[in-house]
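Peer 1: Below are the chains, spelled out letter by letter.
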Amino acid sequence: MSAVDVGYELPPLRVTVTRADLVRYAGASLDFNPIHWNERVATSVGLPNVIAHGMFTMALANRLVTEWAGDAGNVLECSARFTRPVVVPDDDQGALVEFTGKVTAVADTVATVAITATFEGKTVLGKAVAQVRIPNPR
Amino acid sequence: MPLDPSFVGRSYSPAAAFEVTRGKISEFCDAIGDTSPLSRDPEAARAAGYRDVIAPPTFLTIVNLGAIEAIISDPELGLDYSRMVHGLQSFTHHRPVVAGDELALTPHVDDIFARAGNDFLTVRAEIADAAGEPVCTAKAQLVVRGAEA
Numbered sequence: 001m002s003a004v005d006v007g008y009e010l011p012p013l014r015v016t017v018t019r020a021d022l023v024r025y026a027g028a029s030l031d032f033n034p035i036h037w038n039e040r041v042a043t044s045v046g047l048p049n050v051i052a053h054g055m056f057t058m059a060l061a062n063r064l065v066t067e068w069a070g071d072a073g074n075v076l077e078c079s080a081r082f083t084r085p086v087v088v089p090d091d092d093q094g095a096l097v098e099f100t101g102k103v104t105a106v107a108d109t110v111a112t113v114a115i116t117a118t119f120e121g122k123t124v125l126g127k128a129v130a131q132v133r134i135p136n137p138r
Numbered sequence: 001m002p003l004d005p006s007f008v009g010r011s012y013s014p015a016a017a018f019e020v021t022r023g024k025i026s027e028f029c030d031a032i033g034d035t036s037p038l039s040r041d042p043e044a045a046r047a048a049g050y051r052d053v054i055a056p057p058t059f060l061t062i063v064n065l066g067a068i069e070a071i072i073s074d075p076e077l078g079l080d081y082s083r084m085v086h087g088l089q090s091f092t093h094h095r096p097v098v099a100g101d102e103l104a105l106t107p108h109v110d111d112i113f114a115r116a117g118n119d120f121l122t123v124r125a126e127i128a129d130a131a132g133e134p135v136c137t138a139k140a141q142l143v144v145r146g147a148e149a
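For the record, the sequence lines run as chains A and B. Just so we're aligned, residue 1 is where the first sequence starts under this note's numbering, counting upward by one. Just so we're aligned, residue 1 is where the second sequence starts under this note's numbering, counting upward by one.
Here chain B stands alone, though its shape is the one from the complex (with noise of 0.2 angstroms):
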């Protein structure tokens, strides 16, 4: 059954704030194999004018699955998550993610068409810090395929 077109515009609440820890941002570029002094030594942070040192440009992938999550398991979109890709990703930072943020995200339903037999959802996660201070947009396209597919 295809997604319910009248989702579009919906919001999620806000989760729980995730906090940035220096050892989650050097965990992250070990495994993508960043080895910028400036994800990892505090003191290089700042020298270039960092309050902290900051993550790499995909690291909000980590709360990001958590607004897509939010609106993949609502009961009421019923979107088969087996059947689900995620087709495009995009980040636009308002400004560098620093270690010590709090962030806070609101998920929201940007799109849904269907095209040739699969559904295609955009979810945008609205990103805060602490002081509500906008930090990324973070937008993902999922695509479900048709049963028939």
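Bound-form chain A, shown alone (with noise of 0.2 angstroms):
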């Protein structure tokens, strides 16, 4: 008997994103399009200022999943719509994103996670849900 069950909220996870921190997950994740880093790029394509990856705060959202489940080896699938960016100033604050996570369904031993995203009041991720084995209780 597991009890996590459909409405059990995840831990919510609060993240600032800075340039720095655009700098550092283009070198990881080697996506280097100048629209994370180079303002004068983002603005000339009609975007703000610099925007986050939107793989980047899809990762993030799964940390949220990661930290609950206790082992990534849990997280059979993730999904994410990428529907709004997140614009990161260039300043010392950088840009709150804020996530919450919600059970929708258990399936065996299988839980549906439900993640949102947001930025400045809004939605930054469209029907973002991870597959999790639920972790066992400790």
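It is worth saying that the hints were derived from the structure and are not from the lab. Just so you know, even glycine gets a beta-carbon here, dropped at the ideal spot from N, CA and C. Misleading hints may appear alongside valid ones.
As the list claims (entries may be wrong) - Residues of chain A placed beyond 12 angstroms of chain B at every Cβ, according to the derived structure: (1) Tyr-8; (2) Glu-9; (3) Ala-26; (4) Ala-61; (5) Pro-89; (6) Asp-91; (7) Asp-92; (8) Val-106; (9) Thr-123; (10) Lys-127; (11) Ile-134.
Unchecked claim - Calculated lysine-lysine pairs in the BS3-like style (CA-CA distance at most 27 angstroms, straight line): (12) Lys-127(A) <-> Lys-102(A); (13) Lys-122(A) <-> Lys-24(B); (14) Lys-122(A) <-> Lys-102(A); (15) Lys-139(B) <-> Lys-127(A); (16) Lys-102(A) <-> Lys-139(B); (17) Lys-139(B) <-> Lys-24(B).
Two chains, two frames, a set of hints: combine them into the complex.
Peer 2: Given below as structure tokens:
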């Protein structure tokens, strides 16, 4: 019997994203698209400023899940739509992104977790979902 | 000009194998603030039943970008990269990615359609290990904004 049921809420996660974080993620992920670090290029294609990689936001969303699951190997599937950009200013404060997760279905030992990612009061990921093997209660 | 739907079903040659190293996994974890010992400490990973340290769920974005590049740089397809955005991404893990894996990926074009003046292209990458066993299926939907949009 698992204590995790539909409606269970995962511990939330708040992350502040700075330009330095974007540069580090660019190098780690090998995604060097300049809209994620170069203000001149970002504004020239109509963006308000440099924006975070959608995949970076998705990685943080799944950190919420792995921190709960305790083992990244428990994440069987994850997906997200990139609906709004996270605009990252050139300052020391950065952009605050807040993540929450809720179990929406349980089948056998696998939970479906719906994740929300919010920046400036609006969601930036759509249909962000992970299929997770339910961790053992400790 | 809209993308040619006859590209649906097309596959591309597998890219050179990507070697998953402990260093690359820990670098990726540093970048996303993931502190799990299973991704950094081989002893902890082995105690949990893994051959070596394991990668976070979206780590394969590194190889998935290669699949996307293979397709969007096809001159016959003629996709305007400057108008392209990443609309959707999914990873279906057939097993966890472990340091020491040598991964090969085969990109496929799964879907192309136009809606409201924009082109939608679905790229699927089948990622397999050196033994040819499936590791992950990664799907990306790319949106190319129409010139008038």
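Peer 1: So which of those numbered hints doesn't the model satisfy?
Peer 2: 3, 4, 10 and 13
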